[in-house]
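Participant: Sequence:
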Amino acid sequence: MNGQWYDAEAGPLVRPYAMTGGRTKPGPHGVRFDLIALVAVDPERGADETAESLLGPEHRALLGLCRSETQSVAELAADADLPVGVVRVLLGDLLEGGHVKVSRPVPPARLPDERILREVIEGLRAL
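Each residue of the sequence shown is one higher than the one before, starting from 1 at the first, in the working numbering.
For the record, the hints were derived by calculation from the structure and aren't laboratory data.
Note that the coordinates shown come from a computational prediction; the quantities given were computed from them, not determined experimentally.
By construction, the Cβ of each residue, glycine as well, lies at the ideal position given by its N, Cα and C atoms.
You may find that some hints are simply not true.
[What the hints assert, rightly or not] Computed spacing ranges between beta-carbons, pair by pair:
| id | residue 1 | residue 2 | range |
| --- | --- | --- | --- |
| 1 | R32 | A126 | 19 to 29 angstroms |
| 2 | D81 | R104 | 23 to 33 angstroms |
| 3 | P105 | D81 | 18 to 28 angstroms |
| 4 | V120 | L54 | 34 to 44 angstroms |
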C-alpha cells in the first residue's frame, strides 16, 4: 500500500480525518486500542463478502492484513501506511461491526516464574 495514500508533489491524497469521518476516538463505546493489542479476523464471521462490500477501502485493507495472521495495532498501522490514530478509529468500526476480535498479549507479570519453568524442565528430564 505504500504510496497509495501519498503523492510526492501534492502530499496526502486522502486526509486522515476524511478516512475516519472526522472521528478521533474508536467506536461509541470508547474502546482503547494499545499499540500491542492483537487484532484478528473474527472466525465466526468468516469471509462475509456482502458485509465487507459495505466497508470503506481502508477498512477492507485492514481486514486483508488481519486475514493472513493476527497482527498488533502498530503492525497494522505500519503495513497499511496509515497513522495509528486512524487505524484505531477504523479498528473500532470493525470491532463494532463484528468483523474482528481484539485480544491483549499476556503481560510479563502473569507469565510463570522462571524458577517454576526450570523445575518443570528438570521434572520432564527425570522422566
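Participant: Hint by hint, note whether the structure agrees.
Facilitator: A quick look at each hint next to the structure:
no. : hint                            : verdict
1   : R32 to A126: 19 to 29 angstroms : violated (46 angstroms)
2   : D81 to R104: 23 to 33 angstroms : holds (25 angstroms)
3   : P105 to D81: 18 to 28 angstroms : holds (24 angstroms)
4   : V120 to L54: 34 to 44 angstroms : violated (50 angstroms)
The structure shown violates the earlier hints numbered 1, 4.
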